[in-house]
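Based on the provided sequences and hints, a complete structural model is requested.
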Amino acid sequence: MFISYISYTAWVYTDGTDTASVMSLQEQAGKSIYQKNNCTSCHQLFGMGGFLGPELTTVISDKNRGPVYARTFLQYGGARMPNFHFSKEEVDDVIAFLEYVDHNASTYKNDK
Amino acid sequence: MQALIKMINSMDHKKIGSLFIVLGLISLLIGLFFGSIGGLQYILPPFLKEQLAFQKTRPLHVYLVINFIFSTAAGCIYYFLPSATGRKLYSVKIGIIQFSLQLFILLIIVSFFFAGKFSGREYLEFPPWISLIILSSWILFMINFFKSIPLSFNHSPVYMWSWSTGLIFYFITMTEAHLWLLPYFNNNIVRDLTVQWKALGSMVGAWNMLVYGTSMFVMESISGDKTINKSKTAFFFYFLGLTNLMFNWGHHTYIVPSSHIVKDVSFIISMTELLILGKIIYNFRKSYIEAKLKYHHLPFRLLSFADGWIFLNLVLAIIISVPAINLYTHGTHITVAHAMGATIGINTMLLLGSVFFILDEMNEVMMERLKKYFSFAIVLLNISLLIFWVSLIGSGIAKSIDMQQKDLFAVIMDHLKPYFSVFTGAGIFVMTALFMILIPIFKTFFLYISGIKNKRLI
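For the protein sequence lines, the chains are A and B, in the order given.
Here the first sequence stands for residues 24 to 135, numbered as in our numbering.
Here the second sequence stands for residues 195 to 652, numbered as in our numbering.
In short, the hints are calculated from the structure, not lab data.
Where hints are given, some of them may not hold.
Claimed, not checked - Simulated DEER-style distance windows between Cβ atoms: (1) A:Gln98 <-> B:Ala197: 48 to 58 Å; (2) A:Pro105 <-> B:Val605: 16 to 26 Å; (3) A:Thr95 <-> B:Ile202: 50 to 60 Å; (4) B:Phe340 <-> A:Lys111: 46 to 56 Å; (5) B:Lys600 <-> A:Gly101: 14 to 24 Å; (6) A:Gly101 <-> B:Ser285: 52 to 62 Å.
Said to hold, decoys possible - Subject to a maximum C-alpha distance of 25 Å in a straight line, what follows is the list of computed DSS-like cross-link-like pairs (lysine-lysine): (7) B:Lys243 <-> A:Lys59; (8) B:Lys311 <-> A:Lys111; (9) A:Lys132 <-> B:Lys600; (10) B:Lys565 <-> B:Lys208.
Each residue gets a CB set at the ideal place from its N, CA and C atoms; glycine is no exception.
In structure tokens, the structure reads:
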């Protein structure tokens, strides 16, 4: 059983998850800002995270939201969201990361 | 200072276990307090938004409740291990060092959360270097455990297997949860999230092994029947649990665009784990009727409530494991109901069952005297938790309907306010009931650990 577990794990680490593009340096910087500010407490990406804020997996391509909506909240906060006082460069990085996530959200676009 | 040194010198496995249990129960109370603040922030969004935002209250709540499960389970293992093996604990000193590390970890993580220093990883939101201390403390626990048990597992009861599995897999999954630090995992969102779900899903399986093992030992001790935990049925369910621990995590990843094989594997195996304990408790109840009914009344009552929670969570888990339903429930509070039902409903009832069993041994007089009081508080806890759980499901269903209608997020949150009010109110009652249960327990443990004999206090 343990051998099956090791084999399955090795497959998950490689072919099983080889379905997304690799992040650029700016997208990596955006992810790092997303994590350092614990955005996952309130927001979800692919179902992982809290529920106080909206799901962000497809925030960029969503017709009712889009990059301007995301940028506004990042710059000024909202009724529930604190103002994190991000610089313009940091906002650009987070938007780039969210664009990357959206680009790889094939399951959302097929199923919904 | 001298009193502290005297106390340390008088330590044995039971006192070390008691220290861990007290640490776990304090974590639970503080964790529930932050959970209540988080609940209020759902109803009143500006509440402490800048001073103690949800971004801080949620990790404080989650970490402290998880710490409750691990610390209390570790405490019960320390307390029961020599009785379970018939051998002395390998090292009391290692136990004391492990406890000191655990206390240090708790203080440092809470401080970092208050200061807003995060790794931003779900459930493990503290900076990753702290995990090195957590793993070091766990290695000490593993040394103490494996050096205290017989070399051969041939005739060991199932709870020894369960504890061993939980200890090993916690180490593996905690390490796996940090693979994101490597660019190969971090820079591919699908790989990162899938491996994170894999590690966390199996980690829950690992702590369940620790908690269930403890409950199985308690059941055996109450019923006096040593064959239960050596039966083929018990081992069949243990291996089924192990299979779940290894492979069922994928039901969290239906929406992640990884290979469909991950989803198929998890769907097939999914959620039979809760059946395992339900079956064992069911068997135990039959034999219990012939056992010492009156003396162990409260532990039995708690295990029976756990049985009920297993049933409710099993139904919910099966429903949300169906991909067509999961599509609508993911991203709603139905997922939270599943997690809360499992952590508070099942794990807390089981751990409290074990703690009450210990208290019966520690202070029979107090337990007898406070039986009605505890019974009332346990019922209050379960009713509040049921209301809490149902309101989370109601909120999840309402949100799912609103999402299908493409309502704006602010509109959805406005619609959900009545549900949020109910679950916050019920959450405060859960906290109150646990306060009622835990205050006399703390007093008893304090007297036991410090060695003070004062009948008036108890």
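What hints, given by number in increasing order, does this structure fail?
Hint check: nothing fails, all pass.
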